[in-house]
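If you want the building blocks of each chain, they are given just below.
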Amino acid sequence: MASLSLITPSPEIRDELHRRGGDTARRCFQCATCSAVCSLAPDDQPFPRRQMLMAQWGQIDRLAADPAVWLCHQCNDCTVRCPRNARPGDVLQAVRSMVIEGLAAPAWLGRLVGKARSTWPLLLGAPILFWVVLLGLTGHLAWPAHVTAFEQVVPHVLIYSVFLPVAAWVLAVVFIEGGRFWAFLGSSSPPRRGSFFGALLPVLGEIGTHRRFARCEAARPRRTGHFLLMWGFVGAAVTSGLLVVALYGFGMEMPLPLGHPFKILGNLSAIALVVGVVLLVVERWSQPRVSGATTAFDTFFLTVVFLVVATGVLSEVARLTLPGQVAGGVYVAHLSFVLTLFLSFPYSKFAHALYRTLAMTHERMTAAE
Amino acid sequence: MERIGVVLCSGCGIGEALDMEALRGVAEEAGATVLTHPCLCSEEGLAAIRSALDSGEADALVLAGCSPRAQRHLFRFDPEKTVVERLALREMVTWTHPPGDEDTQALAEDLVRMAVAKVEAGKLPVRLQEEIEDAVLVVGGGLAGMEAALAAAGMGHDVVLVEAADRLGGALAGPPVHLPLAPPYDRPQPSRIPGLVEEVKAAGKIHVATSSRIVRITGQPGQFHVTVRGPEGEVELDVGAIVQATGARPYDASRLGHLGYGAFPDVITARELDLMLAEGRLARPSDGKAPQRIAFVQCAGSRDPEHLPYCSGECCAVTMRQILQVSRDHPEVETCVLYRDIRTPGQLEHLYQAAQEGAGAFFLKACVNGVTGNGNGRLTVRFEDSLLPGVEAMEADLVVLAVGMVPNSADGEAIRELHDAQHRAEHGESEVQKEEAQKIAEQLAHHEGTEILNLDYRQGPDLPVLRYNFPDSHYICFPYETRRTGIYAAGAVRAPMDPAQAVEDAWGAALKAVQCIEAARRGEAVHPRSGDLGVPELFLQRCTQCKRCTEECPFGTLNEDVDGTPQLNPLRCRHCGICMGACPERIISFPDYSVDAVSRQIGAIEVPEEDEEKPRILAFLCENDAYPALDAAAQLRRTWNPWVRIIPVRCLGSVNIVWIADALSRGIDGIILIGCTYGEDYQCHYIRGSELANTRLGNVQETLDRLALESDRIRLVELAHDEFQRIPGILDEFAESIGELEPNPYKGF
Amino acid sequence: MNDTAQLPVLVVGAGVAGLTAALEMAETGHHVVLAEREPVIGGRVARFHRYFPKLCPPTCGLEINARRLEENPRIELRLQTTVTGAQPVDGHWSVTLETAPVHVTGRCTACGLCTEVCPATVSDRLNWGLAEAPAIRRPFPNAWPQRFVLEREACPEGCRACVDACPYDAIDLKAGPGVEEMEVASVVVATGWRPYPLEKLPELGGGVLEGVVSNVQMERLAAPDGPTGGRILIPGTDREPRSVAFVQCAGSRDVNHLPYCSGVCCLASLKQALYVKEQLPECDVSLYYIDRRTPGRNEDFLTRVAGTQGVRLVKGKVGKVERNGDGLELTVEDAEAGKLLHEHADLVVLATGMMPETGDPFGLPRDEDGFAVSDPRRGLAVAGVAHRPADVAASVRDATGAAARALAAAGRRS
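Residue numbers (our numbering), protein chains in the order written: chain A, 1 to 369; chain B, 1 to 749; chain C, 1 to 414.
Source of the hints: derived by calculation from the structure; they are not laboratory data. Only true hints are included.
EDC-like cross-link-like pairs, simulated, lysine to aspartate or glutamate; straight-line CA separation at most 20 Å: (1) C:K277 <-> B:D681; (2) C:K339 <-> B:E384; (3) C:K54 <-> B:E691; (4) B:K81 <-> B:E57; (5) B:K614 <-> B:E740; (6) B:K547 <-> B:E560; (7) B:K439 <-> B:E417; (8) B:K547 <-> B:E417; (9) C:K339 <-> A:D44; (10) B:K205 <-> B:E236; (11) C:K320 <-> A:E217; (12) C:K320 <-> A:D44; (13) C:K200 <-> A:E217; (14) B:K205 <-> B:D134; (15) C:K339 <-> B:D385; (16) C:K320 <-> A:D43; (17) C:K54 <-> B:E481; (18) C:K320 <-> C:E336; (19) B:K614 <-> B:D103; (20) B:K439 <-> B:E413; (21) B:K123 <-> B:D54; (22) B:K747 <-> B:E610; (23) B:K81 <-> B:E2; (24) B:K614 <-> B:D712; (25) C:K54 <-> B:E680; (26) B:K81 <-> C:E71; (27) B:K434 <-> B:E448; (28) C:K339 <-> A:D43; (29) B:K289 <-> B:E395; (30) C:K54 <-> B:D681; (31) C:K339 <-> A:E363.
Keep in mind it's a predicted model, so treat the numbers as computed, not measured.
Chain A on its own, in the form it takes in the complex (with noise of 0.2 Å):
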């Protein structure tokens, strides 16, 4: 007799996702309501109705390789007319939080993030004193009364000397991570056709955007919230490399003026960060139904960008009006926040950017003709 393929049920599985905010599952009676209603489901491939039913049965294996759980934006549409109350939307992103920790590389820095709920002031708090060690030994500790260029307080040379190896080991991270993943999808799957980089392309386009994001109907105000952000992180990320080119290529001095291209751009993406952050805290609060439950896992992950964005915000006010004391600890702190940020990146919520990219690259290359 041929080995059959069995349906094994996890009540240990279950009760994790239960411990991310994915215990209604269990409510699913697949009616399909869920996949009727998603505006991002596609036609041969609908979700989540298949997905809640994995969850119920705690197929974590199964929902590891399979794309949709990326593909679905948790607009919330499927929880919002959900009959059993059964929140496919906080499912899949239980579902999703599990995977970035099963995909972790180490696995335990996976864990550690993952267990945020526990291991925050560590998380938080490491990177503090990371800096002020860091400072301490190498004689940066005494910053004058008035700071006017952050260089007073930490040398630009430190910086780049602890954030280019972050960034490279975050790189190598994702790649391990991202390849897995991978793989994974491939396993499950049609073969896919076509070159990565040729559907990459047109999915960053996506991305960019938020095409698909606009789709949504219950969660319309989230998309302008998620767009703010990202393009936020993305100006942030572009101001910084433009910062080092200028610094070490043409010797620039910092702070530049305000009125200076790359000085714009810095405070434009500040601005999207916050009003972004702000827009999606702020719905999180007033719209419990259509949101999604809150857990650990999005809280850490807002509350990253937020003392990001806050102590980032705060360091360029602070450093023009307040004493250079805690001007400089401000600025430490934001240092500090990145650094929590960058390591955290893989194993957080916002791992989603890689693993979503991936997926919808995957079905670029998987969709029928």
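Knowing the structure of chain A, use the given hints to seat chains B and C on it.
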């Protein structure tokens, strides 16, 4: 009757459309006293009628005005004192035919003659006044039986409750919980059985006989004579009505070999799981170990043409209940459900929700096609078409089969057929007949010894059953319609049902039993001719023992003596007249409805000479469906051919073929019978009336063909009550087809 | 006790459940007062075309019941009457019956002259607003009693056309309401149900799109005494649909609407699928379900309909109904195939569930879904869908049971 009064109403346009004087003349010519009134249904009109009756001017009335369906409550007269015939001049003549027309007038005059002829032949019914027994016999001491007993006792009747087992409780005895009988619906409810047993014992009016069976029941409603055999021998008792609440049993799981039952001890039925849980344990029968995972297989043998084609309606809910029980006491056990459709109708949906949300059961829609051992002491449940593509099976430590319910009923008609076949096999007229009878007897042998009620009825010892052996009513509107008057099935024996439904059903059946006793006491018929007084009279001197009446009566009214002479049990009778239609000797009649009366009506029709080219058509319309349909058409002012003369009948089954012969010999050109749909979804209120009529008509048509008289002259049409748009067309079309034939050659003879 | 035994039993509602309870008690020998809010008896079922699974017309049973009712001297029928107050008194009830103004009296012969002259039209409530009707009319051909009904509010100022036309002086435009106090031994509450409002289902086109009707409206579209004379047409047009879609659980088994299952809608839709196929054999019929709930021997009916050519049953609840060109488009996942479908339909029938009529002067206990629970100790029995979701056969069964409870509660020896 002798003193006939005809009251002609000229209201609602009748007076303008007809020559009322001519009509009066027709009635007077027929020997009636005639009165006209401009509005018969007004207070003045009614007073005029009453004074005609009170003065003794008339003992029979033809009220020629509006339909008998209109203002019925105003025209209620004492049926023991007056024969009343309402003639629908308005609906059948003036609303539906051109005013002032010669044909319209001829129609009205014929109808008046016919009505007079009918009341002339009518007799006053004599109310039955019999000794009536008050007690109710309840057969079966489960949930439904005990509730029925309490209900009847609550309505003031003595009850004898007979239970075959040695204690009360039935199928629900044992387990401490069952499905909810009342809100809240999201959890199992503590068993009602122990409390019920106490209530039954405490109710002074209920006599309980356990370990007892019915040996014989003779008699009729109000006068059943019952022999019960119990531990102390046989007891005789008299009861007025019977409730059969013998319940249902689980389908025999040993036939479900493909699901591993019998081959693997760890495959059990839901009932077996209940018994296990009742003992407070949950263990695999094979090794006594606690199961880690239970697979519930829904529709095990149900919705399956090989086993039970029907759905038992409660198994899904029972599974939910069991999941909730298991999860409460053994939260570590994984419960998985493999289903085709989850059927928790109504508020039992809350129980499904609870099994999902509260108990966290795993659900997968799939078609289970086999259960086997996996070699490691576990079981493999194989399935296909699951909602998770690629998945084919699951493993479990314990498999629970949700098997359906089978009624504890006996097929009365089949048993009778078996006994008849056995008799013929023994005493048949020829070897061929004996052989054939032997074959039938073998086919039906499994019915041997299945009797429950042991009725001493010509038509079999138990209630007739519908499909799948449920002795249910066939009528949606009348779930207690029974073919054995005074005997009502209740609970899961009647139809698949859950405990909450069975309780209501028991109360309903108890009311019907009590009602039948009361109707018998008043000498009245029960449903559908409730309140009717006239019972059939049999002129037995002319009986040829052909047995058609005893066989065709839908209600088992007539027994046979040793010679085959019918013996009437008038309180079983439902007054449909099928026996009257069946009798070739025309010896069965009702006081107010008889072969003679209708023959006279036919005789009252004036048939024009052949050269007038005005054919005459006789239409027998079932008074329950076809006549109301034509009446409704009339209210919409639809028109139809004026050659048609209508005679409403109680049922097409009461149409005696002598009427057809009468009509043809009178020169009537065509005869149409319109009655209820027959076949599997029959709508005939008397089961097979229109079907019997069709069979009888088939024989007549053969005869006509032999006489070279076109068989097309006779037609039977099935019609539903709401087909009022269709019926005028049926009449027109038939009239047209008759018009195309040569006139009836018997005209003028 | 003896006094109570002389009192009648009150039945509230003359739908199929109330009618049954009243008749069964009266035929057992008890006096009954039957109060009905509407001017006709029969309730919801009088507006159905056919019953499942036999496809027999409800009027057939109503015919028998009307005859039983009229011929039984032990039933007193009060039409247009509601129970507005109830007080327990010495083990029985004192109730207040309020009768709305009876503008067409018992003198009406149903001759129809009034309708011919009536200048006013109203939206026909008995046809769920699918048609207009004269303000004075017979509600439908088989409506019982055979008496006309006037919707007084629709009368134009000062109009007396019907009064002048009536030869029998049966119309009283000035009639006022009546109030009566009455002692009754016990009560059967059979107040029935309302369909879940279509307007609450806008995402399924309910109340928004013209080609979307409810299952109760579909009954009228198919009924020979309905607004189209029994022709199944796309509402607002005179076109026959080429495709009809049935959307099951529209607002049922849904925590956002009715959390329970009404237990009848699957069978009702299967039945209506046959209406369509009987009339329009070429029409494509599809039915979208969560679970096919056809318990008992009704399974045979499912088998029959599912085996009918041109009828397709799809597992999946419809998510959206939108206008698409000339017709409608449904979005639904075929869960068994795992594919999203965008299906065209000319006519969409939403299988909406039943909501119990709430509000009674007896203070009946209600369950979480609003269904009333019998209270035999207070002499109150609930029958029909007021008690729980049920089909006709079950309502009649429960009504007979409730009648027994009411009699037992009345403490009467029959």
